[in-house]
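S.K.: With chain H fixed as given, assemble chains R and P onto it according to the hints.
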Amino acid sequence: MRQEGLLRHAAVRLLGLIPTLLVLITIAFFLIRMAPGGPFDGEKVLPPEIRANLDANYHLDEPLLQQYFRYLGQIITGDFGPSFQYKDWTVNELIAQGFPVSATVGGLAMLLAFVLGTLIGTVAALRQNTAVDYSVMGVAMLGISIPNFVVAPLLILGLAVYAGWLPAGGWDWSWQRMILPVITLALPAIAYIARLTRGSMIEVLHSNYIRTARAKGLPESLVIRRHAFKPAILPVISYMGPATAALITGSVVVERIYSIPGLGSYFVQGALNRDYTLVMGVVVFYGVVIVVLNFIVDLLYAWLNPRIRYSEAP
Amino acid sequence: MTPSIPKLLLICGALSSLTACGDRESDFGRPLERRSQPVELVLLEDGRPDPEVLAVDQFIRRGNGEEPETLDPHLAEGVSAAHILRDLFEGLTTESSEGEINPGAALRWNISRDARTYTFYLRRDLTWSNGEPLNAEDFVFSLRRVLSPETASSTSRTLLPILNAREVLAGELPVEDLGIALLDEFTLQITLTGPTPYFLGLLASPVAFPVNRGNLEELGDQFSRSGQLVSNGAYILQEWVPRVRIDLRKNPEYREAGQILIDRVSYIPTEDRATEIKQFRAGELDWTYEVPNNQFKWLQRYYPEELVVSPWMGSYFFGFNLTQEPFIDNPSLRMALSLAVDREIITDKVTQFGEQPSFSLVPPGIDGYVPFAPEYADWTQEEREHESRRLYEQAGYSDEWPLRVEIRYNTGDNHKKIALAVASMWKQILGVNATLVNEEFRVFLQNRKQKLITQVFRVGWISDYNDPYSFLELFLTGNGQNDYGYSNSTFDALLEEVGLERVRARRERLMFEAERVLMSDHVIIPIYTYVTKRLVNPHLRGWQSNVMDTHPTRYMFKLKARENPSGEGASQ
Amino acid sequence: MALLEVKNLEVSFETPDGVVQAVNGMSFTLDQGETLAIVGESGAGKSQMVLAFMGLLAENGSVRGEALFHGNDLLKMKPRGLNGIRGKQIAMIFQDPMTSLNPFLTIEKQMAEVVMHHQGLRREEAKAHAVEMLRAVRIPDPEERIKQYPHEYSGGMRQRVMIAIGLLCEPELLIADEPSTALDVTVQAQITELVSELRKQTRMSLMLITHDLAAVAEVADRIIVMYAGEAVETGGVDDIFYRPQHPYTRGLLASVPRLDRASDDELQAIPGNPPNLQELPEGCRFRDRCTEAMEQCRKRPPLWVSDDGRSSRCFLPMEGGRTLQNATEPEHDE
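Chains as they are written, first to last, in this note's numbering: chain H, 1 to 314; chain R, 1 to 572; chain P, 1 to 334.
The set of hints was computed from the structure by calculation and includes no laboratory data. Incorrect hints may have been included.
Unchecked claim - Beta-carbon label-pair distances, calculated as ranges:
| no. | chain 1 | residue 1 | chain 2 | residue 2 | range |
| --- | --- | --- | --- | --- | --- |
| 1 | R | Gly-47 | H | Gln-176 | 38 to 46 Å |
| 2 | P | Leu-324 | H | Leu-119 | 51 to 59 Å |
| 3 | P | Ala-2 | H | Leu-7 | 53 to 61 Å |
| 4 | H | Pro-100 | P | Thr-15 | 54 to 62 Å |
| 5 | R | Thr-187 | H | Asn-57 | 29 to 37 Å |
| 6 | R | Glu-387 | H | Gln-66 | 52 to 60 Å |
| 7 | P | Leu-324 | H | Val-139 | 54 to 62 Å |
| 8 | H | Arg-13 | P | Arg-203 | 56 to 64 Å |
| 9 | P | Arg-64 | H | Val-292 | 55 to 63 Å |
| 10 | H | Asn-57 | R | Thr-380 | 54 to 62 Å |
What the hints assert, rightly or not - Using 20 Å as the maximum straight-line C-alpha spacing, the simulated SDA-like pairs for lysine to any residue come out as follows:
| no. | chain 1 | residue 1 | chain 2 | residue 2 |
| --- | --- | --- | --- | --- |
| 11 | H | Lys-87 | R | Gly-78 |
| 12 | R | Lys-451 | H | Pro-48 |
| 13 | H | Lys-44 | R | Gly-480 |
| 14 | P | Lys-7 | P | Gly-55 |
| 15 | H | Lys-87 | R | Arg-157 |
| 16 | H | Lys-87 | R | Gly-220 |
| 17 | R | Lys-560 | R | Glu-40 |
Idealized CB from N, CA, C, for every residue including glycine.
Chain H on its own, in the form it takes in the complex (with noise of 0.2 Å):
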């Protein structure tokens, strides 16, 4: 009964998407058209002639409404259209290149985010307003306020350029080239999931079914492990669904910072140049990435949780 509930919900679910990705092509398509400039506008400009012969290429010069049901059509298809400023790709290959670099990064920074983040926030929970909570936490906030920008920098210059034990930048899918963005991604959300368990920790040790388990006579770290746990990194999980969204998909500045070849600059670096098509492709993928890493969270949540049941949902 509780299988079939899952699989209904899935498959509402799946269905909503369809709408919600419609919306969101059809809100981005004309957003970014709306934008001023063109993306073969640039300090110098072109002759009329080369413009018109460019525009032709990419149906610039169709009516913008013609150009969108175009695009639908092609989107059906599964295909994104040929990048306006990386001529020698299609958005497809470009997004295929790209989302495994910030994916692996992204999903090794979220997997050393949770361990890391869980444990100190169960440490400082468990040793709550002592010297090792007020330490641990405050160096969880420091690690919420101090920017990407500037840790990136200061582990380069340190662990790279002084020590050279790492690499600057640069990427070939090296453990080596991994560590320092992983680091500096993952440092926020330790920062904020070790937070967020510390303070449902404290919440859920007093609660009245640990109680129980202490009574029972089961040794603490059993009590910890078994019967806090899980619901203590509830809202860490509903968290992780959209966190982890926003590193798998890549974040602009640690790419940037590290030279990595992730799909996080596609998106600025698209709308900068105003490569429609780029823009497009990007936004579509990041809408598919979140709707689907949402509803893993959804099922995880289920999973966790015994109360939610999708058969009584409405």
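M.R.: Below, chains R and P without anything else, positioned relative to chain H:
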């Protein structure tokens, strides 16, 4: 002359929030990394370096800014693609390490007396990297490809001097009607619309490089990808990992392959300038694309041997919108504003990279041309300011009725600092109330073009080719680039004459006169001429600074490291 | 030797508003097989006293005194030693069955872990044992229901599960803290009945904590009446019901519905509220609500004790009792 101290303080005060007078990177103090020193360069009799002094591994890594948009030489627009394409391909002409135009695929050429017809005699032993012979027909095919409407090449404008190019691009004439004729297997004739003295230089740019027809027809728009590209330059494309690196290796089929010392070159995209410096310092780059504007002092202090600054073919200036108040028909106001700007403070205190303060449009050093210098260029700044105040009052402004004006620029740290400095100078000297307006690049360009809301706006112009005309034509009536709304029939007539003149000295005279007319109308406020600025590994030699900033790898070589008693630092 | 002997137990809490003295100088003994009821209004300190010697106080609580279980002081035990007793020799049932079970774990897991931990049973053995125990507390279809989560059980069912968990290791002492308060009246009766029935079968001792004097009439052997953190009267169940000594006990009895009384109209709740534990009055703590308060009640009342184990703290004399010297008791408000 030295500016008065209070003024300096005022401007520095205004800029301190932007860290212009401070030096951000200097907080980190002295760099701690270990650096090796190259051995002394020893040249043999033929001018080539002694093999004894060369490093064993002739491999270099060049920071290359943004990812190239394509390696199709006919579609690529950006500077970063051009750097790579110059290694991969060779046009009819090519550049020396100093940037001079030399014979490339063409061994020699004749220019007709009317300076409109160029006959090129190709070398007879040329081959593509796949071993196929390369001849004049390849050039005809390639040039026609650039100019055919289906190619939709934006850089095709470079070849507009070719006869009928405009009509072919507009689809009014077939490509066969272009002024490009195949005389025989190794002879090619190109006819131009008018005399174009810089035409040989245009032929050395990527858009005029040949592409291999078979390669293109087999692979279509994917021919320029990794492992597929057939080229004719000193290097061939070995691997292209998008946004990670582009690896080239020596082309054994190249006509001068025996002379080439660098075996492999890796172009690394470096979007972030600060990271690029760190990669250089960590020994991961031999050559940076650029260095950040705000680190000059620190670099100059700690990397004097690595830091290379040299003049570039570009001008930085502010333009007036002549079609709107307050600048319409108001040359004295425009001149007042121009005179009130202390260029030396801007180059010394704001930009700091040895940019040359400028009073004219065309930067010096372009193909022998000496730019027009107005009388006030030789005045002291006090004299300029005095005259500025006089003109300001003459234009009807005073402390009670100050000018209110907007300075518009596209987002950028450097632009912001310069605009802020100019605004504070105007405030200080004239009492002008200037507002800074910062816009995203394409929004800014559109506003400039529409000429409706712009007043004073920033312009940076870096020329495509080595000729003053490239700067002057921006101000022609109706030119797509004329965001000033400038229209002066004398100026237009002079430029038209330039287009027809084939005697070099007379042509230069006409351009000088045109520049004089333009500068006397005070359409722009010249600020400085650009410089290129980068870090180069001292082991890397063979390249020369030049105004075109072209640095083909084929002239370079790498020295081995000096023996170190402790046995360290020999990694280079 | 008594099974449990509590001596001079003091419980206090550090709060931002000051120290709260929750339990003062509680002393009592509990013998093997005996049922002891601790009765008092909510806030009287009954639960805190028990939580204190079970090592379950909140972080801001502290405890002094002794709680000897088989002669070993629970308060001085290391966590490991205490965990060997909790759930195994002393089990506890809490007042709110809705929140006392972990909503994230199946009943099976929450039951099996007790015997797996204390008796080293393997999972299947533990499960079989748990099913038997559910059957013993009359959960229908225990094989299936054991796989369910707490939210799939009603309140009464959950309390049965709690009881089953408590009994898993056949403890020597079961502490039931208001086991039926949160349940509706019919279920309350069933639970109380179940507990006493199970007790009779197993010969364990039972400590019942309740605010409802009537509820324990049938089951308790002895009763301690607590008020504002201290015991005001102790005695056998008949003594308390038929010969109450302390005015507070009498007040409580008056508020109990009885079959032999004519109508509910005569039910009288004790007027007023218990004192604020942060600002306990000098003298008798019940003084302000006592119908028989006298001038001397402003001083600390004496403790009357008798040889048959009765006691009362009041200026009114206890029949057959003698007073103890105040000086021998620890002062609560120093």
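S.K.: Run every hint past the structure and note whether it holds.
M.R.: Structure-based check of all given hints:
For Gly-47(R) and Gln-176(H), the Cβ-Cβ distance of about 42 Å falls inside the hinted range of 38 to 46 Å, so the restraint holds. Under the hint 51 to 59 Å, the C-beta atoms of Leu-324(P) and Leu-119(H), about 55 Å apart, fit the expected range. As the Cβ distance of Ala-2(P) to Leu-7(H) is approximately 60 Å, the hint placing it in 53 to 61 Å holds. A beta carbon spacing of about 55 Å between Pro-100(H) and Thr-15(P) agrees with the range 54 to 62 Å that was offered as a hint.
At roughly 33 Å, the beta carbons of Thr-187(R) and Asn-57(H) sit within the given window of 29 to 37 Å. One distance hint, 52 to 60 Å for the beta-carbon pair Glu-387(R) and Gln-66(H), holds here, with the actual separation near 58 Å. At about 57 Å, the beta-carbon gap between Leu-324(P) and Val-139(H) stays in the expected band of 54 to 62 Å. For Arg-13(H) and Arg-203(P), the Cβ-Cβ distance of about 57 Å falls inside the hinted range of 56 to 64 Å, so the restraint holds.
The supplied range of 55 to 63 Å is met by Arg-64(P) and Val-292(H), whose beta-carbon atoms lie about 58 Å from each other. The hinted range of 54 to 62 Å is satisfied by Asn-57(H) and Thr-380(R), whose Cβ atoms lie roughly 55 Å apart. Pair hint Lys-87(H) plus Gly-78(R) holds up; C-alpha atoms about 12 Å apart against a cutoff of 20 Å. Using a Cα cut-off of 20 Å, the hinted pair Lys-451(R) and Pro-48(H) holds, with the two alpha carbons roughly 19 Å apart.
Distance hint between Lys-44(H) and Gly-480(R) is fulfilled; the C-alpha atoms sit about 9 Å from each other, no more than 20 Å. For the hint linking Lys-7(P) to Gly-55(P), the alpha-carbon distance of about 16 Å falls within 20 Å, and the restraint holds. Distance hint between Lys-87(H) and Arg-157(R) is fulfilled; the C-alpha atoms sit about 18 Å from each other, no more than 20 Å. With a CA separation close to 12 Å, the supplied pair Lys-87(H) and Gly-220(R) stays within the 20 Å bound.
For the proposed pair Lys-560(R) and Glu-40(R), the alpha carbon gap of about 9 Å is at most 20 Å, so the pair holds.
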